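K.L.:
Here are the chains, one letter per residue:
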Amino acid sequence: MATVSRRAQPAPWRIAAVALVLLLATAGLIARLVYLQIVQHQDYTSAAAGEHIDQTTVPAHRGALLDANGYPLAVSIATYDIAVDRKIWQDAATAQRGAQALAPLLNRTPEQILSLLGDATTGPATIAQDIDYTTGREIAALGVPGVLAQAREKRVNPEGDLASPVIGFVGRDGGGLTGLELDENRLLTGLPGSSEFERDALGNPIAAGVRKTVDPQPGSDVELTIDRTIQQMCEQELKAGIDKTHATGGTCIVMDPNSGALLAMDDEPSFKLSTLDLSADPRGDSFKNGAVTDVYEPGSVFKLFTMSAGIDTGKVNPNTTYIDTCQVVVAQRIFHNWDYSCNGPTTMTTVLVRSLNLGTLWLTTKVLGPDIFYKYIRAFGFGEPTGSGLSGDASGIVRSNADADWSLADLVSNSFGQGISVSALQMVTAAAAIVNGGNLMQPYVVKEVHSNGTTRLTQPTVRRRAVSSETAATIRDMMKQVLEANTLALVPGYTAGGKSGTAYVPTVATKNSAGNAYAQEVTIPSYIGFAPFDHPRVLIYVKLDNLKSADFGGVLTAPMFSHLASEILTYLDVAPDRPLPAATETTAAGR
Amino acid sequence: MALAQRRATVGAEANSLSLLRRAGVPLSLLVAGGLMLGAMFLPVLQNSDATSTGYQIEHAQQQLDDLRARTYALQAQVADLGSESRVRQEAARLGMLPAGRAVDVTVNVPAPAGVFLPHGLLPTPAPAGATIGTADGGRAAPPQPAGQTYPPGAPPNATPAASPIVPLIIPAGPIPTVSPPH
Chain B
1 MATVSRRAQP APWRIAAVAL VLLLATAGLI ARLVYLQIVQ HQDYTSAAAG
51 EHIDQTTVPA HRGALLDANG YPLAVSIATY DIAVDRKIWQ DAATAQRGAQ
101 ALAPLLNRTP EQILSLLGDA TTGPATIAQD IDYTTGREIA ALGVPGVLAQ
151 AREKRVNPEG DLASPVIGFV GRDGGGLTGL ELDENRLLTG LPGSSEFERD
201 ALGNPIAAGV RKTVDPQPGS DVELTIDRTI QQMCEQELKA GIDKTHATGG
251 TCIVMDPNSG ALLAMDDEPS FKLSTLDLSA DPRGDSFKNG AVTDVYEPGS
301 VFKLFTMSAG IDTGKVNPNT TYIDTCQVVV AQRIFHNWDY SCNGPTTMTT
351 VLVRSLNLGT LWLTTKVLGP DIFYKYIRAF GFGEPTGSGL SGDASGIVRS
401 NADADWSLAD LVSNSFGQGI SVSALQMVTA AAAIVNGGNL MQPYVVKEVH
451 SNGTTRLTQP TVRRRAVSSE TAATIRDMMK QVLEANTLAL VPGYTAGGKS
501 GTAYVPTVAT KNSAGNAYAQ EVTIPSYIGF APFDHPRVLI YVKLDNLKSA
551 DFGGVLTAPM FSHLASEILT YLDVAPDRPL PAATETTAAG R
Chain C
592 MALAQRRATV GAEANSLSLL RRAGVPLSLL VAGGLMLGAM FLPVLQNSDA
642 TSTGYQIEHA QQQLDDLRAR TYALQAQVAD LGSESRVRQE AARLGMLPAG
692 RAVDVTVNVP APAGVFLPHG LLPTPAPAGA TIGTADGGRA APPQPAGQTY
742 PPGAPPNATP AASPIVPLII PAGPIPTVSP PH
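Chains B and C supply the protein sequences, listed in that same order. Here the working numbering is used: the first residue of the first sequence is 1, the next is one more, and so on. Here the working numbering is used: the first residue of the second sequence is 592, the next is one more, and so on.
Hints were generated in silico from the structure; no laboratory data involved. Bear in mind that the values here come from a model prediction, so they are computed numbers and not experimental data. None of the hints are false.
Simulated coverage check for chain B against chain C, where a stretch passes if three residues somewhere in it have a Cβ under 8 Å from a Cβ of chain C:
| no. | segment |
| --- | --- |
| 1 | 75-86 |
| 2 | 158-164 |
| 3 | 226-238 |
Which chain C residues stay away from chain B? Per the calculated CB distances, all over 12 Å, these:
| no. | residue |
| --- | --- |
| 4 | L620 |
| 5 | M627 |
| 6 | L628 |
| 7 | A630 |
| 8 | M631 |
| 9 | F632 |
| 10 | L633 |
| 11 | E681 |
| 12 | L685 |
| 13 | G686 |
| 14 | M687 |
| 15 | V700 |
| 16 | P701 |
By construction, the Cβ of each residue, glycine as well, lies at the ideal position given by its N, Cα and C atoms.
One chain only, chain B, in its complex shape (with noise of 0.2 Å):
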């Protein structure tokens, strides 16, 4: 007989509690899945890419600085830094594999890697720095663990020492830190690329993975208007007058009159590139271009300023006469000549030719006066910065009758080139006003930019004119017979003007009970000139630092300029516009 067996019917809110459950996990899990995949969807994303993506930046190549005839003065080349990693290094047995297979490298002994490493135990150790580029590859190739090689530039420089003060350097990050490095670094820098590629699990790219690469823009070659045989021929002018006087230091600086282009400076004592010990001097405060960032009182250079007023103003001419007394007492002080000389009836182009401060002194007091004197000086460009674009572009001091502590005595000292402060650089500027035609110009120092095919020109300024053409020429006239008064000043074969200067220099320790600060036996000779006279094609300025010597500007700076402007004008094929002179007695009329 057949039974009937009948299962239980299971009660349907067990059913309905099973599906709600699987219902809720199915929502739950769907929840998961929309938060992870939608909400969160960049996190994860962005996750994932660091984990396989990895990215480096491609430095830009850094561009070069040439000179004027586009000679390099500071180029990069491709060189590597080698770092390990010291994890990967704490390894007994893989540092020393790996110290023996960097060794032949890097011409050193395994156990000389190995003692770089230090007592560190994590992080990178940089265990040789700057090292040729074909070597850094082999290195890279060889693939030892834990070692890295960090594509670098290294800034050489083919002239060596040459301008360095205007050159400047560069840091290890390859920024430029001063002189032009800094100044133009914008330019030079270039805009770095990146790479962006997929990694597989010891780092190295995945050749056929992701892969994104901007490649980096190099930098701009900037040409300047220095050009390498000038700079040469200022440099050893310059060494040669410091070592024959025992000066502390110097400057010399030619200028294009016509254009402000400066075709050398040069500013002694200064820094080597090829010595260069940052740790000797951490504040950094010798590695400046002094040219263009000392000020000092200029001496007797500056009486062509204060002539430019007065014949600017029409108030005296060459000829204007006065009476140089023995002295002249202003504001309780006495003054008197370089050379205590008393010479009557004076025309104003002695007082350029023989340097007499009674002359400027009253020029200034008995015809100009304080608001048109310092006009002027305003005007040549003293007391504001040149504009040249170089850092460090001092203003000087000049301090006129609108200041509190200001006296008559000030005007007469300024006149004379006393009491007032300025720059190497920005008396040359206010002279090459005269030698052009009255333009003050913005000295320049960067002639061109070549950057992608394209050369971008720098075009001279004229900041404003100081003197009108026919005072310019004037002057240039009383600077001729200046020059020609004193033969060591004369340039053989060439027509030429220049004025001779000699400052004391001011300290306080020697200041005595009448106030006077300046030490008598500490001076500052000087001397600027151009050639030839007719079609200046160049200006010369040298300067000599604190010298512990009697002799003036005339004679110890003159046949610098003298020697300096014949070499330079042989060498820029200007044809001689004078016979050769004959051997005369030598006289130095100016100080």
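Please build the complex by placing chain C on the supplied structure of chain B, with the hints as guidance.
P.N.:
Positioned in the frame of chain B, the structure of chain C alone reads:
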């Protein structure tokens, strides 16, 4: 014989296909299977090709970097070799001395008869008041003496045009130098 073999081969293929057909596999399914297999291998082939191209690109990029680095190094080397100090050193090694003054001299005498001179060296007509090293450098055009050309026998158009260059006469013996007083 060959014909017999071919017939046997064709017959075998026909037999295998007919076996599949007899097993119930339609032709379209076979084609689809083939396509699927092809599609499966295609990414492998593409990947392989992309990998190979990637390596080639990487290699080319490395070559480019190497060449750039080499270019920069050579530029620096050329600059070093052409530097002022090295040129001076080499010149001194070769026994050369710094140049003395170049002297411009205007020669105001007629050329010796029968001597052929380059036009640049022919005498200039003596201008009134001409002196050595005049302000204009004495750069007057030299005269054209009849029948004199240089080099002898050269066609007329081989004669240089009136040269504005002042003739440079280097006197026998050492070049005179003028040392400024120091």
